[in-house]
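Start from chain A and add chain B according to the hints.
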Amino acid sequence: MSAAPNEPVVAAPPLPASGAFLSVRELAVTFPTEDGPVHAVNGVSFDLERDQTLAIVGESGSGKSVTSQAIMGLINRKAAQVTGTATFDGLDLVSATDAEIRALRGNKMAMIFQDPLSSLHPFYTVGKQLVEAIRVHQEVSKSAARAQAVDMLDRVGIPAPAKRVDDYPHQLSGGMRQRVMIAMALINSPSLLIADEPTTALDVTVQAQILELIKDLQREFHTAIIVITHDLGVVAEVSDKVVVMYGGQIVESGTIDEVYYHPEMPYTLGLMGSVPRMDQPRTARLTPIPGQPPSLLNLPPGCVFRPRCVFAEQVPGDRCKVERPHLMPTIPTEHLVRCHIEPEKRRSNTVEFLGRLRGLPATDDVAATGDES
Amino acid sequence: MFGYVARRLIGVCLMLVALSFVTFALFTVAPADPARLTCGKSCTPQIVEANRVRLGLNQPFLVQYTRYMVGIPCGDSFPPVGGTFTCLRFNPELQGLDGAIYCPPEPVALGYSVRKSECVTPLILDAFPITASLAIGGVILWMILGLAVGILAALRRGRWQDRSAMGFALIGYSFPTFFIALLLLYFLALTPMPWSGQPLMAVPQWTPLTEDPVGWFTNLILPWVAIAILSAAFYARLTRNQMLETLGEDYIRTARSKGLPERVVIYKHGLRAGLTPIVTAVGIDFAFLLGGAIIIEQVFALPGLGKLALDSTLQFDLSIVLATVLLAGFFVILANLIVDILYAVIDPRVTLV
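In order, the protein sequence lines correspond to chains A and B.
What the first sequence shows, in numbering that gives the first Met the number 0, is residues 0 to 372, in sequence order.
What the second sequence shows, in numbering that gives the first Met the number 0, is residues 0 to 352, in sequence order.
No lab work stands behind these hints: they were computed from the structure.
Misleading hints may appear alongside valid ones.
[What the hints assert, rightly or not] Heads up, simulated BS3-like pairs for lysine-lysine below, C-alpha to C-alpha not over 25 Å straight-line:
(1) Lys107/A to Lys127/A
(2) Lys115/B to Lys141/A
(3) Lys40/B to Lys115/B
(4) Lys127/A to Lys141/A
(5) Lys115/B to Lys127/A
(6) Lys141/A to Lys162/A
(7) Lys141/A to Lys107/A
(8) Lys40/B to Lys77/A
(9) Lys107/A to Lys214/A
(10) Lys320/A to Lys344/A
(11) Lys107/A to Lys267/B
(12) Lys162/A to Lys127/A
[Unchecked claim] Part of the chain B face toward chain A, derived, beta carbon under 10 Å:
(13) Arg6
(14) Asp249
(15) Gly258
Cβ atoms here follow ideal geometry from the backbone N, Cα and C, with glycine treated the same way.
Extracted from the complex, chain B is given alone in its bound form:
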């Protein structure tokens, strides 16, 4: 078990290095000049050149890449002109010298955004709670909906409850997320209700949980619902099929023949066994969401990781894109590991070697 986790963690690191290398390389070969992006309209050839040197963009690709990667644990600084690389984590007294820009002081330095003229780590830290709120609420909502509808449909197989639930699931499953999001936004937040002359809900605006828990909740309802509808439809179908498959198993018949109440048969024996693939799917889906719900964040104008990633991709802001890609990759790879470990916890037949 311990050896397995250790080996998998090494694998996680290698995957992240490969991921960062590919992303870094893609942006380096792309026909855009980050140095040119630093100064906008006020650019002169001199300024562009100076910034190129200052950001180390004149260095060979591998040197730039190494500097970025070493900078993640060490910190990095971007001195005004022709600075040399120093590991600030180990030389904290160097901070603040020479009017240089320093990216620590955060625990993990993820580079410097040329477009925003800011260190990347605080940008990520600002955006992450938004995405996390969205993801956690969305997952909880869709799991409740999906499991409940799926189990109901399985228990009422072939009857009207099953047919209508699966019909709705198909509809929910077929509509694109942005369409559902726009419908919700239009009908619930923008259309005045005939009885009050007011829309039912306010247009969502990000409110941090720590400042206003109630506002946090009410503002996130629409995005949560928008995220949950599609996934709930998917999970309802998955749960239904899993339950039907499990309830047909021989050990369910054994459970019944023991004289167990139907409730125990279905939930203790059936659901427990049918849950395994659902756990896998949830783990991975949740990780994907944590990497940024690009469409939902865009539609509801929530400044989360997805929006940050999208904006910086459009603006060719390499360091932010790299950071978001690495983070998203990190979540997915980590979720895979956790799901694999969970598998062994749920199913005693699985051993981790």
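Isolated chain A (complex conformation):
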């Protein structure tokens, strides 16, 4: 194992530290293990304002959940090394003390988890868990907190909330449980909400309701939201900005329009090719990304995606193999791509790839307008 590939990558064009509501800069999380350090997150940077939704997309093991947990301070600092900054409303969450973060957690910033059944304590009623969440951060009586809990359950669309408040999680359906999770996250009106695969464990019909609910509540509370998902449908549904992660790095980021309709990074294309589409004939084949996600213990040198990249031969020489690409702005400037391929070439790749995907002739406007559904 050579040392070079495991060094956290320091991206060349540093985004200027902004006064954004949440400003993450060069966030890196490393877990020391017996087999060597695991670089789960390598220099992630992004900005997020209130009322905005940022989607973090990527496969399992791409570092998207670890990123969010690092922001929430849920990474055990004895077990992992967290570097960089994550400035949330003026406070750097990485260097903040445990007490400072704990005061924010569940209060100004909250999190919704993937599997609501295992994320709710099986031995306590929904009401007790909500009341507990209220009373950590607010000095209110138990009965007042309970009234608040019932009110919140009502707001997230749980029927008969006064009765449901005394139910145990196992007595509720999956959608109801996720609503409870959302109620618990929003109970102290957080200004930052992180939703870690909020709809993965749910039926598709319920998924839409939950996403709609999150959007409604965002309008009401002016929340900044980070949605972590591997579901590109969810991304299109809710987000303003998208960050695509691979091997613990951001490989492409930009507005939803840029990343979703004008992707440039081969990995993003691959993700899109992997999604089954209703508007395609059943004979149309999926285009999976070949190979496996990289081991974070031993990242490939050069571009981390190169071993799976079908366009790698477009780069002369072995640049993809030896030189790690930087996250570079393309046009428009907010759109960042980590790829050695020439921008012109990337765009024509995209047009060709998406055209092939849709079974249409490769023309420029396919990429631009092909997916408004």
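Just chain B now, with coordinates in the frame of chain A:
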């Protein structure tokens, strides 16, 4: 819930009947003659025969068994010669007639010991407080030790506290109880200390709680420790593994993300959920102990149920063995029932149907 308990209680009774039947049968087919055991060296064939008739040992197996079982609620008597069975509970005026031996007057008649020439129930009643004292103190001690060490090890996972705690647990777990008991006895109660010339503690002697609470306590320290070491080691490992498993659960992450203090996360959310299998194990272990801590009682010469059971087994004293076996079985079966009910109390997902 009520129906469940009622059904389980019927099950308990059936289990006890089966248990008593098997034990009774084992002793009946065994190559020993209880009638011969009644008179020892003074036995003549005439006396043996007379006692056989007197104790009903000439009757068929099922008749003897039925008499024993009916005698538990009814009481039984053993008249001098060829007496007939009467339910003394319902004919108390028969007591004291004919120079017969009566086993009531205790609430539960458990037969008559031929070797000790005594009714069994008072023997059990004498021995039970000793075993109960031993069991209760032992359980409290090992639970405190086991939980504390287990939680500490889990919270310091992989660090020296964890490694040394688990190392000691392995040692405690590997040594046989009698060895630990003998070590304690030898080094603490028999070896004179170099500074005082006296052993640190007195050799334990049973002192009833009602007579001398302080003496009761000090005399039981060594047996308690001896019992607790092995089980504490077991419970430390169990607690550690349970805690580690629970602390990795998603709902613990949720609790942290709510901003709860770590103390609340670990004890209110973690321990509560990790406790369930520990409760089960404690219930059953405690019941086993109540049936008699045979080895500990033997080593420390405590006249509890375990020693009574062991002695009477060696002496082929059927009625005492039967009584101790039934009692031990009763405790274990009852503990199972209580643990199952507790499960439903602890875990709302469990319903008793």
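Cross-check of the supplied hints:
| no. | hint | verdict |
| --- | --- | --- |
| 1 | Lys107/A to Lys127/A | holds, 21 Å |
| 2 | Lys115/B to Lys141/A | violated, 64 Å |
| 3 | Lys40/B to Lys115/B | holds, 14 Å |
| 4 | Lys127/A to Lys141/A | holds, 9 Å |
| 5 | Lys115/B to Lys127/A | violated, 60 Å |
| 6 | Lys141/A to Lys162/A | holds, 17 Å |
| 7 | Lys141/A to Lys107/A | holds, 21 Å |
| 8 | Lys40/B to Lys77/A | violated, 76 Å |
| 9 | Lys107/A to Lys214/A | holds, 18 Å |
| 10 | Lys320/A to Lys344/A | holds, 19 Å |
| 11 | Lys107/A to Lys267/B | holds, 23 Å |
| 12 | Lys162/A to Lys127/A | holds, 13 Å |
| 13 | Arg6 | violated, 25 Å |
| 14 | Asp249 | holds, 4 Å |
| 15 | Gly258 | holds, 4 Å |
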